[in-house]
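Start from the sequences and build out the full structure, keeping to the hints where you can.
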Amino acid sequence: MTAIQKKSDNPIAHLTAEDIELLGKQLDAIRQSVLDERGESDARYIRTVIDVHRKVELGSRAVLLASGFPPAWILGTIGLSVAKILENMEIGHNILHGQWDWMRDPKIHSTTWEWDMASPAVQWKHSHNQLHHTYTNVIGKDNDLGYGIMRVDEDQKWAPGHLLQPVWSFLNACFFEYGIAAYDLELGAVIAKGQTKDPEFRRRGKEVLRKIGRQVRKDYVVHPLLSGPNFVPTLAANFVANVVRNLWSNSVILCGHFPEGVETFEKRSIEGETKGEWYVRQMLGSANISGGKLMHLMTGNLSRQIEHHLFPDLPSNRYAEISPQVKALFEEYGLNYHEAPLPQQVYSAWHKIFRLSLPNGWLDNTTPANLPKQLVKLWKMSTGSRTVRRRLTLAEMAG
Amino acid sequence: MTVMQPSPSPTRPRLTALRDRLLRIAELATTPLLPQDYLDMVDPLRSGAALRGRVEAVHRETRDAATLVIRPGRDWLPHVPGQYVRIGVDVDGVRQWRAYSITSVLGRADGCFTITVKAIPDGTVSNHLVHRTQPGTLLHLDQATGEFVLPRPCPGKTLFVTAGSGITPVMGILRNLADEDAADVVLVHSAPTADDVIFANELRGMAATGRIRLVEQHTDTAGMLGAADIAALVPDLAERSTWACGPVGMLEALEAHWAGAGLADRLYTERFRPTVIAADGEGGTVTFTADGTTVDADGATPILDAAEAAGVLMPSGCRMGICFGCVLPLREGAVRDLRTGEVTTAAPGDGVVVQTCISAAAGACQLDH
Chain U
1 MTAIQKKSDN PIAHLTAEDI ELLGKQLDAI RQSVLDERGE SDARYIRTVI DVHRKVELGS
61 RAVLLASGFP PAWILGTIGL SVAKILENME IGHNILHGQW DWMRDPKIHS TTWEWDMASP
121 AVQWKHSHNQ LHHTYTNVIG KDNDLGYGIM RVDEDQKWAP GHLLQPVWSF LNACFFEYGI
181 AAYDLELGAV IAKGQTKDPE FRRRGKEVLR KIGRQVRKDY VVHPLLSGPN FVPTLAANFV
241 ANVVRNLWSN SVILCGHFPE GVETFEKRSI EGETKGEWYV RQMLGSANIS GGKLMHLMTG
301 NLSRQIEHHL FPDLPSNRYA EISPQVKALF EEYGLNYHEA PLPQQVYSAW HKIFRLSLPN
361 GWLDNTTPAN LPKQLVKLWK MSTGSRTVRR RLTLAEMAG
Chain Z
1 MTVMQPSPSP TRPRLTALRD RLLRIAELAT TPLLPQDYLD MVDPLRSGAA LRGRVEAVHR
61 ETRDAATLVI RPGRDWLPHV PGQYVRIGVD VDGVRQWRAY SITSVLGRAD GCFTITVKAI
121 PDGTVSNHLV HRTQPGTLLH LDQATGEFVL PRPCPGKTLF VTAGSGITPV MGILRNLADE
181 DAADVVLVHS APTADDVIFA NELRGMAATG RIRLVEQHTD TAGMLGAADI AALVPDLAER
241 STWACGPVGM LEALEAHWAG AGLADRLYTE RFRPTVIAAD GEGGTVTFTA DGTTVDADGA
301 TPILDAAEAA GVLMPSGCRM GICFGCVLPL REGAVRDLRT GEVTTAAPGD GVVVQTCISA
361 AAGACQLDH
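Protein chains in written order, with full-length UniProt numbering: chain U, 1 to 399; chain Z, 1 to 369.
FYI, nobody ran anything at the bench for these hints, they're computed from the structure.
As the structure is a prediction and not an experimental result, all values here were calculated from the model.
A couple of the hints might just be wrong.
As the list claims (entries may be wrong) - Facing chain Z, according to a computed beta carbon distance under 7 Å, are these residues of chain U, among others:
1. GLU37
2. GLU40
3. MET103
4. HIS133
5. THR134
6. LYS141
7. LYS218
8. VAL222
9. PRO312
Glycine included, C-beta positions come from ideal geometry on N, C-alpha and C.
Now the structure itself:
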């Protein structure tokens with residue numbers, strides 16, 4: 001894949017400025033229809049989800065007091081994993097988006113909510129709501145594209161270090177919450193630029209460490225201690241629940257923007273972007289996960305990533321109901337509504353991670369027959385000078 | 001003779017301190033939630049919780065008024081008759097705060113208090129409370145407050161002038177009036193018809209036993225009472241301390257008349273919403289409460305842009321209404337959503353926050369920043 005503007009078959013070439021303008025108005029109308037209806041049943045929905053989460057978490061933690069007994073360990077770990085997933089996805093992510101601010105309930109509000117996650121809510125809101133949702137899939141602007149540590153687009157230059165990308169990606173998935181915390185801190189960029197002494201960075205760094213401290217103390221000290229003789233099994237259960245939650249949320253997030261066929265955009269292309277053009281970028285820069293109600297709930301309705309990116313401030317329980325209308329607009333304007341089941345989207349995203357860990361075109365050009373030759377070429381590209389790499393890359397892309 | 005003041009029990013603050021310490025320890029296990037979040041699931045009215053109340057019963061008073069019996073949380077402090085309580089209730093999913101006078105007698109055996117609400121046309125909250133509130137509903141409360149109370153000692157001769165739901169704080173006072181304070185009480189009350197008089201039976205009962213002198217004015221047939229009419233009805237007006245509660249127009253007329261008669265200091269009035277919010281959509285003066293900066297903003301410019309142009313350091317984000325990075329509390333005033341045209345108004349304490357990047361001033365407004 002490559003930025004949409006460089007493609008020979010640009011999927012929006014057939015749209016005129018008037019089309020895009022009209023499309024924007026139609027999407028505005030869908031948004032307005034939800035705002036007009038939003039009310040008591042929505043409020044009841046989020047309060048119910050919060051109530052269920054708290055009961056499941058409390059129940060699981062209680063069961064884990066007896067975690068030395070294997071069935072209790074299994075039940076408690078599953079329950080805690082489910083609770084943590086609900087808390088992060090349908091509750092935390094969406095409340096921090098301001099989806100429920102309209103209720104004016106100070107306890108369920110983007111400005112007061114804190115979540116069960118290494119990254120402090122205030123820092124995540126900045127990097128996610130402001131940067132990622134505004135500059136979705138714009139290369140060089142949207143850090144969610146590979147989180148600054150991965151190569152997820154052909155237009156990002158390949159370097160030998162990218163060969164380790166699948167390993168990094170897997171580790172990042174297991175400890176995703178810490179990855180997000182580092183990412184929200186822009187840790188990589190700060191270290192690269194030698195700005196670690198910047199007082200603002202230090203302040204935010206301390207804030208993250210305090211948050212991590214509280215989280216770690218809870219899951220790995222307080223609850224294990226409460227379990228008395230079952231200290232170790234409870235600690236293990238909490239660790240597993242955190243990893244399960246991390247792997248799950250990482251998978252869901254990979255599915256949102258990384259599957260093959262999701263478009264990226266050039267930095268130049270968003271200068272003077274209209275609301276309609278912004279909508280089109282969201283439509284083509286996101287991908288949905290198909291599935292039933294449970295799938296939508298457990299993904300925090302990010303299974304409706306396209307609808308979420310079009311209307312990030314609408315209550316998540318409404319995405320499913322507007323999805324047919326949004327889909328109809330895709331058809332009307334001849335655009336590709338990217339939707340597939342979870343395993344397919346996860347495979348597609350990981351396939352891309354593998355493919356792009358290699359130089360452009362390398363994987364496509366490799367067959368069992370030419371494998372030895374290709375490996376030699378890869379070796380030369382990995383160890384050779386920049387000039388060698390550039391020459392071989394061009395040759396590879398020429399096929 | 002010295003009067004023994006009952007001193008507060010010394011164990012109570014100690015218990016509170018102990019409870020707070022235990023909660024802080026429990027927070028180690030519940031973070032990022034608070035132990036209180038879990039306790040609220042079990043007992044939302046417990047001591048130490050945010051102040052709430054549960055509706056125990058709803059009694060109809062007239063076709064458009066009802067009395068709500070509310071069991072307050074255990075931290076509720078006794079009110080002074082005549083005071084009001086701010087009540088937060090979720091209407092169509094949105095928390096709305098309004099002030100209502102407390103109408104019950106002090107020290108009810110069941111520990112509850114009552115408010116009496118009249119549904120006003122198009123009133124979001126009043127209609128919800130009168131017509132659609134079921135026993136069991138949880139409300140959010142502030143402690144009772146208000147200056148519309150009788151002084152101690154009570155003046156010998158009193159006059160109450162009320163109209164419509166303006167009777168409610170006065171009823172709160174009359175029901176709690178000690179016999180020695182009720183020596184000479186006149187109540188002039190206006191309502192559209194005899195059936196619209198809230199507490200009609202009780203008031204007429206008080207009049208029948210001679211506890212008060214009641215003048216009822218049914219305005220649909222007899223017309224409105226002017227300040228001069230009241231003076232004619234109550235010839236010894238100048239000897240009385242007067243408490244008035246009703247529509248703003250009535251209160252202003254009374255204030256003018258009493259001031260003209262040199263009695264301004266003997267008139268006490270009650271307004272629930274002291275300022276009428278003018279939402280004309282034509283922009284207005286935006287005041288930032290932290291440093292008092294004011295910015296003149298027109299009705300088409302986002303408050304964020306207008307404030308930044310005037311040099312105010314504002315929180316901001318996407319500048320298109322999606323990221324909620326720019327939200328600020330709207331303490332008072334009206335703003336218009338530039339995307340939908342919808343107007344949001346707020347009074348102090350309503351807890352309204354607005355996105356400044358897509359909101360324009362729709363009248364004067366104050367933002368906490």
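Against the structure, the hints:
1. GLU37: violated (10 Å)
2. GLU40: This hint holds: GLU40 (chain U) lies near chain Z, its Cβ roughly 5 Å from the closest one there, short of 7 Å.
3. MET103: holds (6 Å)
4. HIS133: holds (6 Å)
5. THR134: holds (4 Å)
6. LYS141: violated (12 Å)
7. LYS218: holds (5 Å)
8. VAL222: Since the shortest Cβ distance to chain Z is 5 Å, the answer is holds.
9. PRO312: holds (5 Å)
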